[in-house]
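Undergrad: What follows is the residue order along each chain.
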Amino acid sequence: MIEALSYEFVQNALIAGILVSIASGIIGSLIVVNRMVFLAGGIAHTAYGGIGMAIYFGLPIFLGASIFAVVSAFIIAFITLNHRHRMDTFIGLMWAVGMALGVVLVDLTPGYNVDLMSYLFGSILAVSHNDLYYMGGLLALIVFIMVFWYRDILAVSYDSEYASLRGINVRFFYTLILILSALTVVVAIKVVGLILVIALLTIPVYIAEKLSNTLYMMMILSGIFSSIFTLIGLVFSYSYDISSGASIILISALSLFAFLIIGVLKSSKFDI
Amino acid sequence: MSKPVIEIKNLTFAYEKHTILEDISLRVEDKDFLAIIGPNGGGKSTLLKLILGINPIQKGTIRTFGEKPQKNLSKIGYVPQNTNVNTDFPIKVLEVVLMGHIGTKRPLFGYAKEEIMCAMGVLGQVGMQDFAQKKIGELSGGQRQRVMIARALCAHPKILILDEPTASIDIDGQKRIYELLKKLNETITIIVVSHDISVVLAYANKVVHINKRLIYHNLSSGEKDKLDKSGHFCEVELFNMFKGEEK
Chain A
194 MIEALSYEFV QNALIAGILV SIASGIIGSL IVVNRMVFLA GGIAHTAYGG IGMAIYFGLP
254 IFLGASIFAV VSAFIIAFIT LNHRHRMDTF IGLMWAVGMA LGVVLVDLTP GYNVDLMSYL
314 FGSILAVSHN DLYYMGGLLA LIVFIMVFWY RDILAVSYDS EYASLRGINV RFFYTLILIL
374 SALTVVVAIK VVGLILVIAL LTIPVYIAEK LSNTLYMMMI LSGIFSSIFT LIGLVFSYSY
434 DISSGASIIL ISALSLFAFL IIGVLKSSKF DI
Chain B
687 MSKPVIEIKN LTFAYEKHTI LEDISLRVED KDFLAIIGPN GGGKSTLLKL ILGINPIQKG
747 TIRTFGEKPQ KNLSKIGYVP QNTNVNTDFP IKVLEVVLMG HIGTKRPLFG YAKEEIMCAM
807 GVLGQVGMQD FAQKKIGELS GGQRQRVMIA RALCAHPKIL ILDEPTASID IDGQKRIYEL
867 LKKLNETITI IVVSHDISVV LAYANKVVHI NKRLIYHNLS SGEKDKLDKS GHFCEVELFN
927 MFKGEEK
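For the record, the sequence lines run as chains A and B.
Per my numbering, the very first residue in the first sequence carries number 194; after that it's consecutive.
Per my numbering, the very first residue in the second sequence carries number 687; after that it's consecutive.
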């Protein structure tokens, strides 16, 4: 186990796992308290269209997926702010069309036989130095925005109608949260894949929510839990030669299960 | 007569083709305690949203302090309906109250010391200062409602508007809230929307009934004596009273 740490790809995987865990802890908290889980799922799957586009045009994967995800975040923000009652239909549509577009573009790429599975279930052991810079930069951006606009984001998330009465631009912050979610989803795809990205954004967050009195506490705890689950998942993945993304999610789910059982045993009034 | 704090003239409002409010005119004087009653779907909450500038005005005029509603948002405190939703949210009572600041003197990061002092002050006013560090979900419905009143008071409003403040709160909690409002009424104007008419009428000095149209009613002391503050005035009798006015 220890000798594995001397390999560069293992070091990169560990660093990427922690960077993405902290980012997804912060953004996952916002997604959960704003009830945006389905929206984030829509963005994750739409982003596959961006991956296909990047492969077809020979662009960096992160760049293509990010552009696609951000555009879809804008569209989803527009729909939810203006046509709320049609939201689920449109997001379902984007979800499917994004994936289909990705698959077709990859098919059309000459001489390139991409491993679809690596995007569906993650490829954390293939993280490059450039990927790490991108993840680090995104995390820095997220932390900066959270510190700078914490009170506005808190107000919009807790009670958006009241926030707008107090002169806060709700549409701006709602769109900002979705764009940050889109960018985070793209890097999380590298770690656990787009199928499992929702689990990474919700499981640690759910446990943290139960233990927190404040939103920032929830973000910090989510980041810590997520990092722990990711590291343990990677150890299992290495030791038993199983898929890293899936083992990270299973470790998270088992921890959640244990947390719920402890909660029920400790208090008869435990409220899920 | 002094200048009214709110003056509404010939206001009509419709969602698509449904007329919600028709030809509403209303004057609210300084330090009034106005009760707006009426059936569900009668347009009470819509009227509040128009006064608060949340909904756009289609026909007629609304003036708060002689100006358009959007100009005087900081002078109006608002306590929305359904404070029981979103109780899982990880937020402390103090943070909820701090949302009430309009944010003119805000520092670059977080909250200013004066803002926190002020928030603690209004929590004291509603008797909730000991709960400042508690999670909002741990409070009872009545306590949560008082926190929402504190949030509205944070910006030092001249008018306090409450939408169904006592829905789903036990009798003791309701009474505490109305006693609090009565005390606040010594310095500011209070507007309460409620279908819980028996209690609200015991405290209000002016009552309007809204069901698409508005019926005005100044409570004379004789009628007021019929109302018992602890609560149970026959609502049918009261509606008959308003029907009489309509004719």
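Because the hints were derived from the structure by calculation, they are not lab data.
Glycine residues also receive a C-beta, built at the ideal position from the N, C-alpha and C atoms.
Where hints are given, some of them may not hold.
[Said to hold, decoys possible] Keeping only pairs whose Cα atoms sit at most 20 Å apart, straight-line, the calculated PhoX-like set for lysine-lysine is:
1) Lys820/B - Lys403/A
2) Lys745/B - Lys757/B
3) Lys892/B - Lys403/A
4) Lys735/B - Lys754/B
5) Lys778/B - Lys689/B
6) Lys778/B - Lys403/A
[As the list claims (entries may be wrong)] Some but not every residue of chain A turned toward chain B, in silico, with C-beta under 7 Å:
7) Val226
8) Ala348
9) Tyr351
10) Ser353
11) Glu402
12) Ser405
13) Thr407
14) Leu408
15) Met411
Undergrad: Enumerate the violated hints, using their earlier numbering and listing them in ascending order.
TA: Going through the list in order, the structure violates hints 3, 5, 10 and respects the others.
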